[in-house]
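Produce the complete structure using the sequences and hints provided.
If you're matching them up, the sequences are chains A and B in order.
The numbering used here numbers the first residue of the first sequence as 1 and each following residue consecutively.
The numbering used here numbers the first residue of the second sequence as 1 and each following residue consecutively.
Take the hints with a grain of salt, since some may be wrong.
What the hints assert, rightly or not - Pair by pair, the computed Cβ-Cβ distance ranges are:
(1) B:Arg18 - A:Arg65: 28 to 34 Å
(2) A:Leu87 - B:Thr171: 48 to 54 Å
(3) A:Ala57 - B:Ile167: 24 to 30 Å
Claimed, not checked - Partner residues are not named here, just some residues of chain B that face chain A (Cβ under 10 Å, in silico):
(4) Val133
(5) Arg180
(6) Arg184
(7) Ile188
Hints in this document: simulated from the structure, not taken from any laboratory.
No residue lacks a Cβ here, since even glycine has one placed at the ideal position from N, Cα and C.
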Amino acid sequence: MNCRDFIELIDRQISGLATRTELEELKQHLAGCPACKAEFRLQTRIHQALAEPMPRALPGDFAERVSRRAVAEARRQASARRLGYLLPIFATASLVVLAIVYRADIAGALAPLFGAIGERLSYMIAWMGAGASEATRTLGSTRGLPAGSATAVLAQTIRIWASALVAIAAIGWALFWAYAFLRK
Amino acid sequence: MARCTSRLSDEELVARCRGGDHAAFTAIVDRYKDRVFWLVKRMVGDMDAEDLTQEAFLRAYRAMPALRTGATLRTWLFRIAHNLCLTELAKRGRRGEHLSIEEEGDERLEPLLAQASKNLEERLDERDFAGRVLDQVQQLPVAYRTALTLYYMDEAKYEEIAEVMGIPLGTVKTYLHRARLRLRQLVIGSGL
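Have a look at this one:
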């Protein structure tokens, strides 16, 4: 064995992996080799440095803080999960109720809207197929909508859906405050 | 209450924690905070070490129901912290740099001490020698640093290190051996 092998052996000795024969061999070599003896001292000091106790570096209230945060997070997540189930159910129910309450208005508003769209589509198809004058003659003049009807339909639709959105927003707001209250 | 929970075993604390006992979780954090912090600090450095330690415990709290019966709490906590640090290092874009350890292997193990500055031998007995060695540990690849830290912290068993790092037992021994020799080179090279 040469000095290079003994450097490896010193590490094995420090790790407690060297055999009794290897230890004896190392001991004999160290007695006659100042370089390896210095090497042995260096590696032992490094080993001791690594084994020194850990310094305490965290604040004294660290455990309390982490624990409080963990519990608060768990509560928040549980509330969010509850709300996560409730919110879609509540929103769907609200929409159904609104649709029932406004069913007459909705039907009345949508019928002319779809009618108007249908009329315009028919006109466009006829226009593309037969030319503008023929389309106007066959469709526009005989089945055209009264002036301003599309605007009226749009206004009515917007009014209904805006009231529905306001109702949903109000419900959402109420839920938010209920959630905030539960969290406390 | 704190005095009472601090005497409980890890298994008892985990059981109580699962039952919603917050004091038990505080006791777990208190028991392992320094060790987890030390591991995190060695893996990612001083920056964000406290925040990452906190995050490791928060993850542990969330995952506590998944901790299988009979598993060692300490190993499990270390594994959570280890994985968190690897993610953090990957985010910082440093992981590749520090994990490229497979390519090396032919350490030059000449008795360099004889050729190194005479000061080094004299400094071995200095009081701050340990601190300077620990500074050099940060120059090692992250896998070496982790293995060394776990090994010297409460003298963890090779099996535990393998479980924390998710590597075979033989690789742990190789990492430790190479880490110490590389550290030796760094210490000699720095002249301290």
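Satisfaction of the Arg184 (chain B) interface hint, Cβ to chain A closer than 10 Å: Holds - the Cβ of Arg184 (chain B) comes within 10 Å of chain A, reaching about 6 Å at its closest.
Do the beta carbons of Arg18 (chain B) and Arg65 (chain A) sit within 28 to 34 Å of each other? 21 Å, violated
Within 48 to 54 Å: is that where the Cβ-Cβ distance between Leu87 (chain A) and Thr171 (chain B) falls? 50 Å, holds
Double-check Ile188 (chain B) for me: the hint is only fine if its C-beta lies closer than 10 Å to a C-beta in chain A. With a closest approach of 8 Å, the Ile188 (chain B) hint holds.
If I claimed the Cβ atoms of Ala57 (chain A) and Ile167 (chain B) lie 24 to 30 Å apart, would that claim hold in this structure? Check passed, 28 Å falls within 24 to 30 Å.
Hinted contact Val133 (chain B) with chain A - closest CB pair below 10 Å: 4 Å, holds
Under 10 Å, Cβ to Cβ, is where Arg180 (chain B) needs to be relative to chain A, so tell me if that hint holds or is violated. For Arg180 (chain B), the interface hint holds, since the closest Cβ of chain A sits about 5 Å away, which is under 10 Å.
Checked against the numbered hints given earlier, this structure breaks only hint 1.
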